[in-house]
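**Student:** Sequence:
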Amino acid sequence: GQPEGQPGSRSGGAITGRVVVADGVGAAKVTVSIRQLGETRGGSGQTVLTDEDGNFRFDNLAPRSYSVFAFGVPGYVPANATPPGGSTTQYYRIGDSVTLNFVKGGVITGRVTDAGGEPVIGIEVSPLMKRDADGNLLLSRFTGQPRYTDDRGIYRLYGLLPGSYIVAANGRSPSFGQASRYDGEMPVYYPSSTVDTAGEIAVTSGGEVTGADIRYLGERGRVVSGKIIGAVPVSGPMGFGGTV
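Here the sequence shown stands for residues 1 to 244, numbered as in my numbering.
Watch out, some of these pointers could steer you wrong.
Said to hold, decoys possible - Ranges of calculated distance between the beta carbons of each label pair, as one might list FRET restraints:
(1) T16 - R152: 42 to 52 Å
(2) V224 - A79: 35 to 45 Å
(3) V195 - A22: 28 to 38 Å
(4) G122 - G207: 23 to 33 Å
(5) E208 - D134: 19 to 29 Å
(6) Y148 - N101: 22 to 32 Å
(7) T82 - A22: 18 to 28 Å
(8) G206 - Y148: 19 to 29 Å
(9) A14 - I228: 46 to 56 Å
By construction, these hints were calculated from the structure, which means they are not laboratory data.
Here the structure is a predicted model, which is why all the values come from computation and not from measurement.
Every residue, glycine too, gets a C-beta built ideally from N, C-alpha and C.
Start from the sequences, fold in the hints, and give me the full structure.
**Tutor:** In structure tokens:
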């Protein structure tokens, strides 16, 4: 049978494939998108779900070159993923069969406590990749998916690419997302440091680092303000100009 959400007609060209996780197991109900060469990720490409064995199919395709992406595989990362979180793009033509391999991501877990040893609840904790899997220092730090501490102050960062990370409690930007009780307070990096003295944590594929505890200081941060002078081109759907 056809995977859920796929067109019924097969009159055009087709690209088929499978999303595979560890040990050759197919990943069910994974979102897969296809886009023509040169089309942005915000384009009108097709999107389907894999079936119970990880198979997918795109029909009615014009004779073009296409890229195929899968996402929504919890705890896994693309096998060909490279910092800062992208992947080496391959292109396919109608008639091709595609295998998208995913590997288990790494994990960092620990506890955030205050100066008195009490749990810091509901604070955002973010992983920032500092070095790739070969130990090369990255020119810009890739911020992975942030998580929140539970009622015990425990956080768990999962689905991480192999590499070296620094971990920030309250590293969020107050300009984005919902308001937090910790807005205006300085971020604190593992173990209880500023960004320049933060400890690095090495992560391997499928490995789990435990005990990465953070002592949160809860100190008020400083404010930097200013003004952009000169013409700033307005771009983007929300009309934003320059970014500081």
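**Student:** Work down the list of hints and note, for each, if the structure agrees.
**Tutor:** Outcome of the hint check:
For the pair T16 and R152, the beta carbons lie near 46 Å from each other, so the given range of 42 to 52 Å is met. For V224 and A79, the Cβ-Cβ distance of about 41 Å falls inside the hinted range of 35 to 45 Å, so the restraint holds. In this structure, V195 and A22 meet the distance hint of 28 to 38 Å, their C-beta atoms being roughly 34 Å apart. At about 27 Å, the beta-carbon gap between G122 and G207 stays in the expected band of 23 to 33 Å.
For E208 paired with D134, a C-beta distance near 21 Å keeps the hint of 19 to 29 Å intact. In this structure the supplied range 22 to 32 Å holds for Y148 paired with N101, their Cβ-Cβ distance being about 30 Å. For the pair T82 and A22, the beta carbons lie near 20 Å from each other, so the given range of 18 to 28 Å is met. With their beta carbons about 24 Å apart, G206 and Y148 fall inside the hinted range of 19 to 29 Å.
For A14 and I228, the hinted distance range of 46 to 56 Å is satisfied, since their beta carbons lie about 50 Å from each other.
This entry satisfies every hint, going by the numbered hints stated previously.
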